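Engineer: Each chain is listed here by its residues.
2 protein chains.
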Amino acid sequence: MKKYDKLIKNAVGRMVPTIINGEKHIPYQGVGKYKPTGRKHAPRIASCADYPIDGNKTVPSLKEALIKAGLKDGMTISTHHHFRNGDIIANQIFDIAHELGVKDLRWYPSASFPCQEHLIQYLEDGTINRIEGSMNGPLGKFASEGKMKGVGVLRSHGGRYQAVQDGEVQIDIAVIAAPSADVFGNANGVNGPAACGLLGFALADSQYADKVIVVTDNLVPFPCIPWQIQGNYVDYVVEVEKVGIPEKIISGTTRITKSPDRLLIAELTAQFCDEAGLIYDGFSYQAGAGGTALSIGNYFGDILRERGWKARFIRAGSNKYPVQMLEEGLVDYILDGQTFDLEGVRSMRENPGHINTSPFTSYNYHGKGIFATMVDVVVLGATEVDVNFNANVVTHSDGYLLHGIGGWQNCLFSKCTILPIPLFRDRIPVIKDEVTTICGPGELIDVIVTERGIAINPRRTDLLDKMKGSSLPVKTIEELKDEAEKICGVPKKPDLSDEIIAVIKWVDGTVIDAVRKVG
Amino acid sequence: MKKYDKLIKNAVGRMVPTIINGEKHIPYQGVGKYKPTGRKHAPRIASCADYPIDGNKTVPSLKEALIKAGLKDGMTISTHHHFRNGDIIANQIFDIAHELGVKDLRWYPSASFPCQEHLIQYLEDGTINRIEGSMNGPLGKFASEGKMKGVGVLRSHGGRYQAVQDGEVQIDIAVIAAPSADVFGNANGVNGPAACGLLGFALADSQYADKVIVVTDNLVPFPCIPWQIQGNYVDYVVEVEKVGIPEKIISGTTRITKSPDRLLIAELTAQFCDEAGLIYDGFSYQAGAGGTALSIGNYFGDILRERGWKARFIRAGSNKYPVQMLEEGLVDYILDGQTFDLEGVRSMRENPGHINTSPFTSYNYHGKGIFATMVDVVVLGATEVDVNFNANVVTHSDGYLLHGIGGWQNCLFSKCTILPIPLFRDRIPVIKDEVTTICGPGELIDVIVTERGIAINPRRTDLLDKMKGSSLPVKTIEELKDEAEKICGVPKKPDLSDEIIAVIKWVDGTVIDAVRKVG
Chain L
352 MKKYDKLIKN AVGRMVPTII NGEKHIPYQG VGKYKPTGRK HAPRIASCAD
402 YPIDGNKTVP SLKEALIKAG LKDGMTISTH HHFRNGDIIA NQIFDIAHEL
452 GVKDLRWYPS ASFPCQEHLI QYLEDGTINR IEGSMNGPLG KFASEGKMKG
502 VGVLRSHGGR YQAVQDGEVQ IDIAVIAAPS ADVFGNANGV NGPAACGLLG
552 FALADSQYAD KVIVVTDNLV PFPCIPWQIQ GNYVDYVVEV EKVGIPEKII
602 SGTTRITKSP DRLLIAELTA QFCDEAGLIY DGFSYQAGAG GTALSIGNYF
652 GDILRERGWK ARFIRAGSNK YPVQMLEEGL VDYILDGQTF DLEGVRSMRE
702 NPGHINTSPF TSYNYHGKGI FATMVDVVVL GATEVDVNFN ANVVTHSDGY
752 LLHGIGGWQN CLFSKCTILP IPLFRDRIPV IKDEVTTICG PGELIDVIVT
802 ERGIAINPRR TDLLDKMKGS SLPVKTIEEL KDEAEKICGV PKKPDLSDEI
852 IAVIKWVDGT VIDAVRKVG
Chain G
352 MKKYDKLIKN AVGRMVPTII NGEKHIPYQG VGKYKPTGRK HAPRIASCAD
402 YPIDGNKTVP SLKEALIKAG LKDGMTISTH HHFRNGDIIA NQIFDIAHEL
452 GVKDLRWYPS ASFPCQEHLI QYLEDGTINR IEGSMNGPLG KFASEGKMKG
502 VGVLRSHGGR YQAVQDGEVQ IDIAVIAAPS ADVFGNANGV NGPAACGLLG
552 FALADSQYAD KVIVVTDNLV PFPCIPWQIQ GNYVDYVVEV EKVGIPEKII
602 SGTTRITKSP DRLLIAELTA QFCDEAGLIY DGFSYQAGAG GTALSIGNYF
652 GDILRERGWK ARFIRAGSNK YPVQMLEEGL VDYILDGQTF DLEGVRSMRE
702 NPGHINTSPF TSYNYHGKGI FATMVDVVVL GATEVDVNFN ANVVTHSDGY
752 LLHGIGGWQN CLFSKCTILP IPLFRDRIPV IKDEVTTICG PGELIDVIVT
802 ERGIAINPRR TDLLDKMKGS SLPVKTIEEL KDEAEKICGV PKKPDLSDEI
852 IAVIKWVDGT VIDAVRKVG
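Top line first, the protein sequences correspond to chains L and G.
Okay, so the first sequence: first residue is 352 according to the working numbering, each after it adds one.
Okay, so the second sequence: first residue is 352 according to the working numbering, each after it adds one.
What the hints contain is simulated information worked out from the structure, not anything from laboratory work.
What you are looking at is a predicted structure, and each value in this text was computed from that prediction instead of being measured.
We put the CB at the ideal spot given by N, CA and C, even for glycine.
Treat the hints loosely; a few may be bogus.
As the list claims (entries may be wrong) - Quick list of in silico lysine-lysine cross-link-like pairs, DSSO-like style, CA-CA up to 30 Å:
hint	chain 1	residue 1	chain 2	residue 2
1	L	K386	G	K414
2	G	K386	L	K386
3	L	K357	L	K498
4	L	K419	G	K766
5	G	K609	G	K766
6	L	K386	G	K419
7	L	K766	G	K419
8	G	K766	L	K423
9	G	K386	L	K419
10	L	K414	G	K386
11	L	K384	G	K419
12	L	K500	L	K414
13	L	K419	G	K414
Claimed, not checked - To give an idea of the interface, some chain L residues facing chain G are shown, with a C-beta separation under 8 Å as derived from the structure:
hint	residue
14	G389
15	R390
16	A393
17	I396
18	C399
19	A400
20	Y402
21	D517
22	Q521
23	F535
24	L570
25	P574
26	Y684
So that you can see chain L by itself, here it is in the shape it has in the complex (with noise of 0.2 Å):
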């Protein structure tokens, strides 16, 4: 079977594959454009005949769980990252396929990490064909070597909800670790000495995987509360010693930025979007969990705090920092779809006011509406912006794949997005005449933000009228490139192969962009 085939050129001008690892794919046709015309994944029919009448799924070892549950070669295994870094589970059930001698697995993960580095001796071996989901760091910088087997396909998590709900990804088995369970399957991610706040990331996979394995450290008498993942969904249990480790959930991104351009690009944003009048009393917002991110969330609560207005919701991967608003009464709920810190974990299970979201309430593009685009302002990072206000997320300007897609694509759809971004980094300016990877098409993009100036997208009339008479440095996306240029001078093209290692979906499934292996 080749990897990949029939390439053809998709709306945003990208060669991408439309047979990928023997599948066929849709290329991109165009925001909103793709509609689609199918029924849902259809899961199996259970019956409750065949489960245990006392309720108790538990079984010894995650090695006979997935024994039981029909562990083979070829079948596509999901797991979740709300561990992130810390998560321990992963692994375990690679050395356990391995162990059996099962081959060409799919790993169809919410997002992978460094501590998965362990993996690569599988992908290596056959154990694994390939990932599909977002390679971060060591697991992307094989795949972009041209080592993985199988093409990689990088999701948005909107985008992987769709695709498990869609039927495009069926999983065989999802192993769901959990701080806390219970013998019928019930789980959270808020209870228990492994709390990693929720599981959301495992809903698709609860509900549409044909086996569903929870494995938790935390095991509690029935009933679990709350049961974040309903028990009603899982085939097996397992108890182990330990199911994840909640420090290295928290990124190292999670800290106010001390770089004073860093600073300046976040008052910037916070200025424009005051002076743009997406501030007021009942606005909402979604701010990352980088250092610039987190300063301009900070300057949305002062100037709350001044005026005395209360945001109606933050929409977060959550740390201290909305945290610290809720609790003070800056914002009347946080709607979280991921824990980035320990505070996240602590409010979400104290809070009343902090609510566990999904990819499904708040990203499935293929649903009837999401929550994404009733947000007010985003903020999103990028690592290259291109003069059509295209940008990447997934590749570095060295062409390396190193990071996932999350809920990025998912935000564009907000009511305003910015990208405060810094005009270069490391002497290699970000704003080019073409992204190396395009995974958001610049129609969805309004504003980006740099230390030296704001470039406003001529399609948002509105925000440029708003910013008539301003004293905020708005200048056109080509003005900003040309100043980075004319310090840094015009940054080479990475240098790619023609080959394909991964390709990046829009959120309705179709093939936005491929990425090419490196040298």
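Dock chain G against chain L, hints included.
Structural biologist: Positioned in the frame of chain L, the structure of chain G alone reads:
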């Protein structure tokens, strides 16, 4: 089209049709014997591109929403019964259908109540072909007299979820009356002037219906928290002046009995449970909302209080009695499927230990287990029981279909199912050679408690052993029957024709019995 056809004798010896309203149905095969082989119903894949970008799905009126949803002849329209006898929306739906000249609708309520007697005119004029759902009171009488055009189909709460999940009933339009909602369609039953507790009976409808309309009289800013119904399943939102009459959710039977006979039955039941070792620190039970059942719950509370024990959970239909126990600390959780009074509503709103459940978690037999099997003691009513412990809960001894199944069939799967019933009602014995309608097979009914003795199902040798030497009046069911007949005489069989007016589904979708026309 014949209303029904091809009768066959099923596993409990009843003649049931296998063609009902033109569709094929499977006869009952025994508990756990019928194994589904298909896949769940697969709803159409939606696209956010077809929904308002600002998330606002409101339309000006229910009529407009029904027209937008494509209301037409022969469709299946569903409603929930959380307002019980205080529902007002179901009548409005069919007033609109009648006004639009739409015919031949299947009404699929989770239950119907006397307040919907208004709909008899539409059953007569062909607007509604039939009701599939319980028919409490006048609608049941109408059906029993052979006046409904189609054959009624009665399902348990779990069976209703199963039928929708399995695609046996495909809902075209679900109308969900909601005490609180936002413009996106997130909705709950705990807040607002018409708060009725929860909306769990509408869960399947929201997940699987082609079009979903949320109707509310309390539109709150997004997000409506909690979202018991997720807006991502919702097509249209309608604001009305009044969505339901919450005072009327109170069932007339939610008062502790004062009848000496019933108090004796309650005391005997509690004592039996205690002597049989069914009550322990951490046990669980479900008691219904009838006067005897409430009294049994009180006895359970006394036992817990005296011994310093705590129940793990009460499965409910909640009202002030379990709420008092929760607030007194006699139980960790109430797992609630519907609130029976406003104290239940308040408690669900305020107490994090008062958990809203759904027919999916509690009752759906075609899931990977159900909560119902994990309950230690379940106390249920019955209109008739036969000497093989088969029981009837839908027809009276005169043959009239006046009650729904509710969760009754589903609860039979508990560890010990007890029917505390009077030996006779209006001088008609309750224990018979044969019940008029079999709703539950005798093998799942463990104990009958009457004011004159306790009969244990001979299959439960464990319970018989535990009662050896007890001072309780343990008798055979035949002895109880003989006692009643000595006092009241042998009861007459009801006067029924051969014509089938409704069928009773078992929890797995098979047909366990048929209900005949009276007279």
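Engineer: Taking the numbered hints from earlier one at a time, note which ones the structure violates and give those numbers from smallest to largest.
Structural biologist: 2, 8, 13, 22, 24
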